[in-house]
Amino acid sequence: MLGKKKRPPSEIPSSSMSDIAFLLLVFFLLVSNVDVDKGIGVVLPPPGDSEIRLNPKNITMILVNAQGDVLFNDEIVPVREIERRARELELSNPNMVFSVQTDRRTKYQDYIEVVDQLTAARVKKLALIGTQ
Amino acid sequence: MAIKKKSKPKTGIPTASMSDIIFMLLIFFMAATTLKTVEGLKVKLPEARSIAKLDTPKRSVLYVFIDRTGRISIQDKLMNVENVAPVIYPIRRNDNLLTISLRADQETPMGTISDVQNALRDASALKVNYSARHK
Numbered sequence: 705m706l707g708k709k710k711r712p713p714s715e716i717p718s719s720s721m722s723d724i725a726f727l728l729l730v731f732f733l734l735v736s737n738v739d740v741d742k743g744i745g746v747v748l749p750p751p752g753d754s755e756i757r758l759n760p761k762n763i764t765m766i767l768v769n770a771q772g773d774v775l776f777n778d779e780i781v782p783v784r785e786i787e788r789r790a791r792e793l794e795l796s797n798p799n800m801v802f803s804v805q806t807d808r809r810t811k812y813q814d815y816i817e818v819v820d821q822l823t824a825a826r827v828k829k830l831a832l833i834g835t836q
Numbered sequence: 019m020a021i022k023k024k025s026k027p028k029t030g031i032p033t034a035s036m037s038d039i040i041f042m043l044l045i046f047f048m049a050a051t052t053l054k055t056v057e058g059l060k061v062k063l064p065e066a067r068s069i070a071k072l073d074t075p076k077r078s079v080l081y082v083f084i085d086r087t088g089r090i091s092i093q094d095k096l097m098n099v100e101n102v103a104p105v106i107y108p109i110r111r112n113d114n115l116l117t118i119s120l121r122a123d124q125e126t127p128m129g130t131i132s133d134v135q136n137a138l139r140d141a142s143a144l145k146v147n148y149s150a151r152h153k
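Chains as they are written, first to last, in the working numbering: chain S, 705 to 836; chain A, 19 to 153.
Note that these hints are calculated values from the structure, not bench results. Glycine included, C-beta positions come from ideal geometry on N, C-alpha and C. Worth double-checking, as some hints may not be accurate.
[Unchecked claim] Rough simulated footprint, nothing fancy, chain A against chain S, three-plus residues with beta-carbon under 8 Å:
id, stretch
1, 723-733
2, 771-780
[Unchecked claim] Using C-beta positions, here's what the derived DEER-type ranges look like:
id, chain 1, residue 1, chain 2, residue 2, range
3, A, Y107, S, M721, 52 to 58 Å
4, A, A34, S, V747, 27 to 33 Å
5, A, F46, S, N769, 17 to 23 Å
6, S, K742, A, R89, 19 to 25 Å
7, S, M721, A, Q93, 40 to 46 Å
8, S, K828, A, R67, 58 to 64 Å
9, A, V99, S, M765, 22 to 28 Å
10, A, D94, S, L734, 24 to 30 Å
11, S, N769, A, G88, 15 to 21 Å
12, S, K742, A, F46, 24 to 30 Å
13, A, R77, S, S714, 25 to 31 Å
14, S, K742, A, R77, 17 to 23 Å
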């Protein structure tokens, strides 16, 4: 019973082509959107040394030294403590201004961590004084 | 002459050309994704938790790269701190929504960052986004 072998069709099957194309399309659609920019948004103070007199009661000084140690209102605190303390201060006084000062040699990462903590505490008034 | 009955138009979308259309789209996205590959300097972004997506439209975002040695790059050009404000000011004047995406390395000293921020203030580019990775 040796039947003649059926010859396979010589053309590429075109029905599955669109499926393949769809898959590739979906893949590239997703891949092209991966690179979204994420970060912490801040608004810098306008130019010029505009001196605004503030009640000292409404200022919280946060100093970050070159080693990444944080001085929060003249008291050394660990970085992860900042959020809780800032939140308490913000609740007790909505006008509180948080001023962040750093040394010129402070690492950017240490600074970002402090700003991150303050952002997490939903601080509304953030003053970035810059370097000493 | 008998009036011929109009033949009924076929219903249904022709599917034969579908794959061509999809292929066209596919080629477009393939080309679009590879257009911009590397820009700026090599930086290791800092890590943070409370980060949010940048909500400014992409054409109003200007990237400022600062690497760990303090080199500054804007629009693929290396420059000194003194040149930052003159470069950014005309861009800021033409674009009210301009947001600066500051892509600085973890190890960059704050002195450089602060100098750049002061230059941004001089150029009235006050909206800044500190680019960070999720911790």
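Practice item. Would you list, in rising numerical order, the hints stated earlier that this structure does not obey? Key: Those not satisfied are hints 2, 4, 5, 8, 13.
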